[in-house]
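*Asks:* Residue numbers (our numbering), protein chains in the order written: chain A, 272 to 911; chain B, 308 to 499; chain C, 9 to 329; chain D, 3 to 643.
Check the hints yourself; a few may be wrong.
Stated by the list, open to error - Straight-line C-alpha distance at most 16 angstroms; calculated EDC-like pairs for lysine to aspartate or glutamate:
(1) A:Lys713 with B:Glu373
(2) B:Lys460 with B:Glu373
(3) A:Lys856 with A:Asp370
(4) A:Lys713 with D:Asp256
(5) A:Lys571 with A:Asp539
(6) A:Lys549 with A:Asp673
(7) A:Lys549 with A:Asp559
(8) A:Lys571 with C:Glu262
(9) A:Lys713 with D:Glu253
(10) A:Lys501 with A:Asp456
(11) D:Lys632 with D:Glu582
(12) A:Lys501 with A:Asp370
(13) B:Lys460 with D:Asp607
(14) A:Lys653 with A:Glu678
(15) A:Lys525 with A:Asp472
Stated by the list, open to error - Here are some chain A residues the structure puts well away from chain D; computed CB gaps all over 10 angstroms:
(16) Lys341
(17) Thr343
(18) Ala347
(19) Gln353
(20) Lys381
(21) Asp486
(22) Lys501
(23) Asp619
(24) Thr676
(25) Ser795
(26) Gly855
What the hints contain is simulated information worked out from the structure, not anything from laboratory work.
Ideal placement from N, C-alpha and C gives every residue a C-beta, glycine not left out.
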Amino acid sequence: MIDRGATRHIWPTRVAVQAAVTFLTLVAVGTACTGGSEDSANAKTLPRAASRGTAGNDTLVARNGIGAGKITIPGAEAEDGQWLRPAKDYASTRFSGLDQITTANASQLKLAWSFSTGVLRGQEAAPLVVGGTMYVVTPYPNILYALDLSKPGGPAKWKYEPQPLAAAQGVACCDVVNRGAAFADGKIFYNTLDNQTIAVDATTGKEVWRTQLGDINHGETMTMAPLVVKGKVLVGNSGGELGIRGWLTALDVKTGKVAWRAYHGGPDSLVLIGPRFKPFYETDQGKDLGVTTWPPDKWKQGGAGAWGWISYDAALNLIYYGTANPGPWNPEQRPGDNKWSSTTFARDPDTGEAVWAYQVTPHDLHDYDGINESILLDLPWKGQTRRVLVRPERDGYVYVQDRTTGEVLAADTFGVVNSTSGVNLQTGRPVVNHEKEPQMGKVVREICPASPGTKDWQPSAFSPRTGLLYIPHQNLCMDVEPVEANYIAGTPYVGMNVKMYAGPGGHRGVFDAWDPIARRKVWSVTEDFPVWSGALVTAGDVVFYGTMDGWFKALDARSGALLWKAKLGSGIIGQPVTYRAPDGKQYVAILAGVGGWPGAIVSAGIDARDSSAALGFANAMRDLPNATTKGGTLYVFGLP
Amino acid sequence: MSAMSAGRYWGRIAAVAALALGLACKREERRFNATYPSAPAYASVTLDTLQPGVPSPELTVKSPAEGNAYDIAQGKLLFAQWNCTGCHSHGGGGMGPPLMDNEWIYGSSPENIVATIVEGRPNGMPSFRNRITANQLWQLAAYVRSMAGLEAKGPSPGRNDEMQYKVDEQRTPFRTPRASSSKTLPAKSQRP
Amino acid sequence: MTWAGSIFDTAGSPAERIARLAWFLIIVSAVTYLLVLAATGIAMRRARVRRTQGELADTRPETGKRLTRNVAIATTLTTLILLVYVSATALTGKAIAWPLNAQQPLTIEVTGHQWWWQFRYRDSLPSNWLTTSNELHIPVGRPVRVILLSNDVIHSFWIPELHGKQDLIPGHRNTMWIKADRPGVWKARCAEFCGHQHAKMAFDVVAESPAQFAQWYVRQLASALPPTDSSAKHGYDVFVQRTCIMCHSINGTEAGSNVGPELTHIASRPSLAAGSLPNTRVNLTRWILNPQLIKPGVRMPPNALSPADMTALLDYLETLK
Amino acid sequence: MPAEHAVDTDPNSPASLHARLERVWRNGPGLWGWLTSVNHKSIALRSIITAFTFFGIAGVEAALMRVQLARPENSFIGPDLYNQLFTTHGSAMMFLFAVPMVQSVALYFVPIMIGTRNVAFPRLNAFGYWTYLIGGVLLFSGLFTNTGPDQGWFSYVPLAGPGFSPGKRVDIWAQMITFTEIAAIVAAIEVIVTVFKQRAPGMSLNRVPLFVWAMVVMSFMVLVAMPYVATASAMLAMDRLIATQFFNYTEGGDALLWQHLFWFFGHPEVYIIFIPGLGMVSAIVATFSRRPVFGYTAVVLSLVAIGFLSFGLWVHHMFATPLPQTGQTFFTAASAMIAIPTGVTIFCWIATIWSGRPRFDTPMLYVVGFIALFTIGGLTGLLLASVPVDLQITDTDFLPGHIHYVLLGGMVFPLFGALHYWFPKVTGRMMSERLGKVSFWLLFIGVNVTFFPQLLLGIAGMPRRVYTYLADTGWGGLNLTSSIGAGLIAVGIVVLVINIARSLAAGAAAGADPWGGETLEWAISSPAPDYNFAYIPIVHGRSALWADTGDLDAVAGLREDRREVLQTTMLDAVPDSRHEHPDPTIVPLLTALAVGVGLIWGILDPIGFDVGAVLTFIALAAWGWPQKTKPNTHEIVEVPK
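My request is simple: use the sequences and hints to build the entire structure.
*Replies:* Structure representation (structure tokens):
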């Protein structure tokens, strides 16, 4: 029987005497009744962070390649007219050496042929060209088409249907997309929505091997384009909104067996952190940070998938990739830095061992996944050439980092940012604007950039000729209200009501040319809708990108002037590629089919009267249904 | 004040009270310990109106939670707490189809909605069989219908104590439900 | 588990100071009351009972002067009593205010839900943030800073033995502090009407020595161990494949929903159903089968489990020490 | 029986004068007459009976709750019905019994105490009653159809908000508040204008009876306090029905906004209920001590002081919310300060009894009961006003104990005293002293046995508004005692009702002035004629009837063929003008019904507000429609004084 313990019953004896004394003398006691000052924790308000970085001033005249000569791409191969992986080369530059299409003749581009994939969801893939065949991957049900470029009109040689689980559509947070395949060793590698990596023989279209890597009942899906490095296929999972445990896995090219798997949370052994691990910044150093920076056991639903882009430096034998947002979105339910979400990793591709890591956004407040592409460059920096990676990050800064140690050399905004007021280069941590920190029981307004960030997954391109980085991105802000999230495996685990809208200026999309040395915009084009397609730059100094209302545009890489544009059947969120066909002519190919997170309002038929639909994007894209319908067609353009 | 007028006075009070009696007792009842029809009851309801030969008479199961303010409010709480908002958002849709428009892929009657929740649907709706009790199933179905304006205005929930992202259920315009053309791809056969 | 404990059964300095002030004010009020009654009694007896009906009392001026003096004295006495009263209140108020010099206090976030309590113990290291429900452990002698939050309606956090009550108001971050000077186990309760089951929204408070508290803390931080014997394994399957997983969470298992109270160490808690049922196997059975019979209106639904499933589930829950 | 103070200055026989005036001032015949009456006494009496009815129903609810709480873990009533019971008990007692009762007593006796023929705005008076009746019927029809409010009489948001109170229960409560506040404000306006413009000549402000002063102060407090709760309940209804964000804490609203708005009205409300109690006590003490109340000026100034101070201490209801401590200490001081004027009034009455020649008939017994009970209420109030102690005992059973001591002691006991005191004037029959004393002692003991244990339960830690409690809490004994006490009160009420019924049927004839009172109402016959005063009396001193000048001087010259009232100046009541009062009309009822349609239909569908607004406009147009001037049917007879 648990006793009530020794509570002391206060009898009025002593008090009675006091009362009697005071009653008789009735001396008024001086009242010192200020009472303890209530330590009201009024958060010290940071001066309203002037949004650093201008929204792009369009009139800057292109610097005709002054710095161009000095920036070189590590491991650059000679141009072979093919397109073997979505990012073209291991440095992820998306630069093509073909120069038949130049700024002079680009205006005469016309449609060569087109091919309908028969799938009406978001087409985010990059077509591959190997020899005389083009390979196209579609969103769910992830059909792989092989098109014969030697024959006019590119007829289909064969098609491969993996028949993924239909239920996987229920756990794909932002449209059932697929970002493309990769070619190596005579095989085409790509992922299906229900977490399978498949190898298909490039010539016959027969399945070579298929490996199941994840489980949709834990909310995992796979949408990323694999990267094949030294006989290993590198793939990662997505599902930060469903409480997954993120990982990157390497499969053997020949057999499909798992060579190694690195988790992005939990003890160091799972994260493959060993003796070689030398993070540059002090807050990333420590033992088992994947556990200690989470409330007990919460790292198991901690998100941090890997669904973005991987780059590889052969000389240093390191792969560079970023991890996604922590789960749930509601920051109050996961106090601590939540390592290793929104982190850039450098790993040894053979063993998967982490060499360095830099957490871009500790204790992420606004769903800023850190998965964007890192473009590897050798850059003149303060008098000497540094081996760097340049990454236009989702939190609105273009990071220039030394890719051997992970030191952040520079971080400058390339869009409207008020959620942070800069990056402290000594500690490597962003200076958080606490005024914009989501709090339970309160709506925090005008957070810029919104959750998709200043730039989401859509890859940028770099031209060594102009020395400029061509960044397709968006300009959105949002109101958020955190609510309590409940983890039920297989169901969303978000915990945030979001409402997005166009950022300052009213335009929702921007296409910038960014000079990584001078660290500022050279020219900028504003678009009505978010520019959700990838960028392509060619030796002919022509830049290609597509808009969400269906315009495929070509611009002068130096001045940004519009050279040519064509209206396609549906909004463009795919990645443009260029190749030399068997007939020796240069062609440009692009997949048109609106969808993805912004396009869900069309591809999933969202009802925009609920402004929190599609995790808040519906409110910003109310007018998209009037501008485009669903589609799923490949278009190929060439000179007459 | 003569006794007679006092009597007449009381007559009037009683009459008004009696009139009000029938007004709102069912709508406001808080049924805590009631047991609503369990799973098999709804299974006998067909999903499609197309029937070979002479169509047999419509068989409907009366939803116990229909028009009851407490049940619809409980449905609203559960809809948010069990992560239905994750896919259907607050009626606008996201991963899942919108529920506040009047296109119903798998039927809009309460028993159709209960069947959808229990059995799940091939294109990603999880199956909650054995995970949600019968009472709560009907409560959820009643709330889903109120989001589309298919429940009476009175018992539908008012505004919620969160960010105002949409019109509250009481003021969603009333509309007649329409079986929708298939919005998503025909379901691929389940992989073996 | 006795609830009883008036506001005079104190185990913490704030409650003690308040109890002293309460006695002081009660005595002052009682004496004042007796004086007023006496005055009335005297007034009633002293005045001669009127013989004839209509005759008016004499209202000569000198009686008026004497009465004015008496009333003036009484009013002055009242004013002085009130001055004493206000100053005593202010002094006690200052004494029970937050002790600024408190050495690193233990901080606990209390979240009120409709009809149960959630406690989150803060720590410098995020992985030491402990989340429990319906049971509050505090170390004796160490000031505890309590942050009061609510996501639904207004509740009120009240441990009579330690301090007064403070409301948990949605949209506000209210704070208070408590300090136990002596160990003991008490029943605390919600003190602001919050709906159907406001009456049975209680929680257990255990004040123990810092060493015992540290032991308890480490035990609670540990995740639930996977069940070993077959019945408990089947019970685990019942828990994660039936209705329980939708609302409850157990660290170390698939269950992670905090719609209902967290159950990682349910077997180590003194009571069930927000402090209103002693934690015995019979009560747990009654509660799981039909909570509406015990707490009508509570949001946990009746669960029709077969006897085999029920015994397995109970075996599993009892492994969650 | 004291000599009749007849008024006989007119050469024609009084009977024919009475006949002529009666024909002009009486109500219409039958039901139509009842619906169109604008006579202040018939409307006030009707309102008193309605208020006593709601008091009875709410009393039954209290009895049901006490039965449920008599034993731990009792299953007599479930939580849902219990929540409805305690909410409608609280709301009905506060809004449907207390305020309307004191205002009806004012509307009945103020005109005849200041010597005028009718209240200032007769049609507004009728409109006030009908609106009040609709509000009462709405609340109880809600309860009887399981739609009674269940969120507590002060309806804290967000529990009462749209998110956590599904259905129309809180809307019915909010609209009931709107109805009763319209009625209260309207009655307050009438009392103020009547007292300031229609006093008998010679009754300057320092000769106004204390009862009338109390009613004026109460009316001013109503004018200032009631709009707050009317606005707050309208805001709550709009939050629930048309999605405004007043109390939505995420979109800039605040849950504490409701508490501030409500308690700024809430505390003055309990003083609005208690100050008329002081007025009734003053009237009774003076008559039964056979001397005017000692320290007339002190009591009047105290009443006014209480009126002002009551608006300065509402935050003592909110000490447990996150308000800064210095602010809370300020309100402790303010709450303490109001005890001073309250003390002064009580000391003055004790001094009156002390120097008077008191006769302890039933009314006087109730006054002594008032002093005994109200002082406990006041002192427990001081305990609650001290912040640290309040943090321990607020929201516990101590609160219902304190409230009932203050309100039963401060208002219900004086009311029952006034019932016995003025019953003869209203009905012409005396109430039985024996039954009066029996019901007093039953009530006095019953109140103490019911509510003192609740004070102890509060200290023992029992939260308030709990439909049950566990056996091992140890609160069973005190709760049982309290329930027994409730039974005693019930018996006391039954005895009182028997006394009323018996006296109505066969009470001894009372005559004009059975107690030998000092104020003007004892100068007219019992029951008073519809026109009150054949000739408006002239007042020469503070105790009108105790001045030894034999018969009252009077003023002649008011028309006898029309409803005419003498208006006098505000300070010294010098005759100023004559004002013609409206004849009985159905328009007030129609206006009340239009407002009723608007507010009740508005609950079900917001369009109802618009329809109601149009209907009300039409009714008000009819209200203000210009009447044809009536022909002169009777020559004015100038009579030399």
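*Asks:* Enumerate the violated hints, using their earlier numbering and listing them in ascending order.
*Replies:* 1 and 12
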